[in-house]
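Engineer: Chain by chain, the residues:
There are 2 protein chains.
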Amino acid sequence: MSPDLLVAGVDVGGTNIEVGLVSADHQVHGRAKANTPTGGPAEVLDTIAELVQSLGDRPIAVGVGIPGVVDQGRVLTVPNLQNWTEKVDLVDELGTRIDVPIALGNDANVGLLGEWVAGAAVGVRNVLGLWMGTGIGGGLILDGRPFTGSHGCAGEIGHMVVRQGGALCTCGRRGCAEAYAGRRSMRGIATAMVDAGRSTSLFAIRDEEQKGNLTSKVWARALDEGDEMAGELFDTAIETLGVAVGSVVNLLDLDLVVIGGGLAEKMGSTLADRIADACTPWMLQPNPDLQFVVSTLGDDAGVVGAATLGRALAVSA
Amino acid sequence: MSPDLLVAGVDVGGTNIEVGLVSADHQVHGRAKANTPTGGPAEVLDTIAELVQSLGDRPIAVGVGIPGVVDQGRVLTVPNLQNWTEKVDLVDELGTRIDVPIALGNDANVGLLGEWVAGAAVGVRNVLGLWMGTGIGGGLILDGRPFTGSHGCAGEIGHMVVRQGGALCTCGRRGCAEAYAGRRSMRGIATAMVDAGRSTSLFAIRDEEQKGNLTSKVWARALDEGDEMAGELFDTAIETLGVAVGSVVNLLDLDLVVIGGGLAEKMGSTLADRIADACTPWMLQPNPDLQFVVSTLGDDAGVVGAATLGRALAVSA
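Quick mapping for you: the protein sequence lines, in order, are chains A and L. Residue 125 in our numbering sits at position 125 of the first sequence, with consecutive numbering throughout. Residue 91 in our numbering sits at position 91 of the second sequence, with consecutive numbering throughout.
Derived by calculation from the structure, the hints in this document are not laboratory data. Any given hint could turn out to be false.
Here are some of the chain L residues that sit facing chain A, going by a computed Cβ distance under 7 Å [to be verified]:
(1) M160
(2) Q164
(3) R174
(4) N250
(5) D255
Reference listing, derived: stretches of chain A covered by chain L, where coverage requires no fewer than 3 residues with Cβ under 8 Å from a Cβ of chain L [what the hints assert, rightly or not]:
(6) 86-95
(7) 131-144
(8) 249-262
(9) 275-287
As the structure is a prediction and not an experimental result, all values here were calculated from the model. Glycine included, every Cβ here is placed at the ideal spot set by N, Cα and C.
Please build the complete structure, drawing on both the sequences and the hints.
Structural biologist: If you want it as structure tokens, here you go:
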């Protein structure tokens with residue numbers, strides 16, 4: 001197969017779906033983007049198919065990263081997409097719309113894969129990807145290979161429990177890292193604090209920026225402007241992620257932590273340094289080799305990683 | 001090399017050092033055992049060398065499992081051996097006493113390796129070993145290969161934080177699983193509860209059994225006889241291990257959890273079932289394939305696993 005044949009990488013997020021045509025050298029040659037439909041899986045699949053077709057060139061395969069739990073081609077749960085409540089055999093159902101091999105992965109797994117083939121983690125042996133967004137996602141490279149576990153569900157660092165009996169998480173359990181550090185949870189806490197009489201500029205910034213939600217941009221601006229409540233909530237988020245990452249380092253003895261997602265792009269190495277500092281006290285052994293960096297591909301990490309999955313499938317098919 | 005050539009496997013525990021001569025089919029052909037010296041590393045190394053020599057046949061290699069953090073042949077910390085406070089290059093120093101290739105691993109890593117080559121985990125792709133003893137140790141098989149991380153330090157499930165700000169652990173941090181479920185920590189809590197006026201048969205059983213400590217046997221008997229305080233402490237230990245194992249399952253998407261250590265041998269599948277039940281509420285996805293079993297090699301897991309490390313070194317040398 002010619003290495004110039006293009007693969008479509010699809011990054012499904014809570015707000016947008018981004019698609020890119022990616023060559024074998026991981027360059028993105030064409031892009032398309034749409035709002036993520038809120039009407040459920042059929043609308044999402046239709047939009048993916050339209051975006052891929054809008055790119056003109058027919059790809060040899062499609063790779064899709066989705067913000068949920070995936071199991072061998074099926075999407076089990078997608079907590080952060082509206083009206084997507086059932087299990088969906090995405091590979092089959094997208095295959096009826098686009099007749100090429102289709103690969104599926106979790107968005108954070110796929111984002112880290114992008115960083116590992118072409119970004120901040122190239123050639124590194126043991127890597128944790130920590131993806132900060134609506135939820136907290138994770139991905140792993142172990143012994144120099146992507147690791148996705150027995151069913152493809154590995155990487156859920158957001159649902160490691162750091163405070164047993166702690167805050168209620170959007171997954172229904174208590175004390176998960178995501179309950180303190182996921183944007184959806186943080187918005188819930190911010191809303192409750194405002195209801196209780198605290199003041200914050202977060203919601204005013206949201207309206208000024210004409211965002212429907214407390215996005216990374218809204219958080220970054222509130223933190224930048226010294227909003228006290230945003231600062232407190234963000235401190236707790238970082239502290240909690242430090243505990244979770246420290247626990248993972250004790251379990252897996254890693255070389256590198258790559259932090260991705262919108263906030264990583266906006267805050268850069270400041271964010272990586274803060275998580276490194278929050279992690280250090282929890283590490284059983286000082287590990288001077290362990291590095292913390294932010295994603296270098298930014299928004300493209302998901303597209304490039306998803307295309308890598310698609311290409312691997314096309315090559316092995 | 002003939003497969004009949006024997007390798008010595010050495011399992012260094014807080015109480016005893018056990019040595020066995022192991023053939024390529026993982027059978028143990030000769031054994032020796034001594035109390036673990038309390039005078040520090042030189043005494044421990046002398047005892048290992050004497051035990052190996054006492055077996056008669058000269059092994060082609062020696063593998064050693066030690067209850068501490070190991071890093072490429074060096075022992076970094078050994079919190080549960082008396083008067084061992086410094087870093088020791090065990091491979092070099094034991095090599096001056098026994099002139100064959102010497103391999104070193106963490107005791108729980110090595111115990112799981114034994115189970116994986118010849119016990120409860122043969123052929124399983126993604127496995128967590130949970131070793132309950134003076135501390136809480138762990139080992140990992142990932143994608144069908146032993147996983148020890150970038151420096152050989154992986155597996156420290158006992159030092160995953162499950163209750164941030166919780167009980168003080170013997171490692172100096174707070175809220176680690178070991179702070180609730182390691183025997184050394186449990187003894188500390190039991191002692192404090194007795195000082196505060198609670199009653200328990202734990203210490204009377206210890207004296208009756210002529211043990212110097214609250215061993216697995218003492219705990220198993222107290223639980224069996226319905227001692228209320230032992231039951232409460234053990235319930236908390238199981239609950240905490242359930243949180244830690246649930247977090248690891250969410251992170252690594254495993255097939256099997258093997259539980260080892262003295263208590264596993266004494267309680268059998270009851271212990272595995274209790275940990276499974278305690279883990280289930282924390283799992284992000286129900287995983288009907290995930291199994292929980294106790295070690296089938298028992299005390300021999302460490303010896304067989306250590307010998308496997310030694311044999312791998314001899315074969316690759």
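Engineer: Each hint should be assessed against the structure and marked as holding or not.
Structural biologist: Hint check results:
Hint status for L/M160 relative to chain A: holds, with the closest Cβ pair at about 4 Å, below 7 Å. Annotation: interface hint on L/Q164 holds; nearest CB of chain A at approximately 5 Å, less than 7 Å. Of the supplied interface hints, the one on L/R174 is violated, with its beta-carbon coming no nearer than about 9 Å to a beta-carbon of chain A, more than 7 Å. Evaluation of the L/N250 hint against chain A yields a held restraint, the C-beta minimum of about 4 Å falling below 7 Å.
At a threshold of 7 Å, the smallest CB-CB gap from L/D255 to chain A is about 5 Å, leaving the interface hint in force. Check on the stretch 86-95 of chain A: 0 of its residues sit with their Cβ under 8 Å from a Cβ of chain L, so the three-residue criterion for coverage is violated. Coverage of the stretch 131-144 of chain A by chain L holds [criterion: at least 3 residues with CB-CB distance below 8 Å; count 4]. Judged by the Cβ-Cβ criterion of 8 Å, the stretch 249-262 of chain A is covered by chain L as claimed, because 6 of its residues qualify and three suffice.
Counting residues of the stretch 275-287 of chain A whose C-beta sits closer than 8 Å to any C-beta of chain L gives 5, which meets the bar of three, so the coverage hint holds.
Violated hints, in rising order: 3, 6; the structure is consistent with all others.
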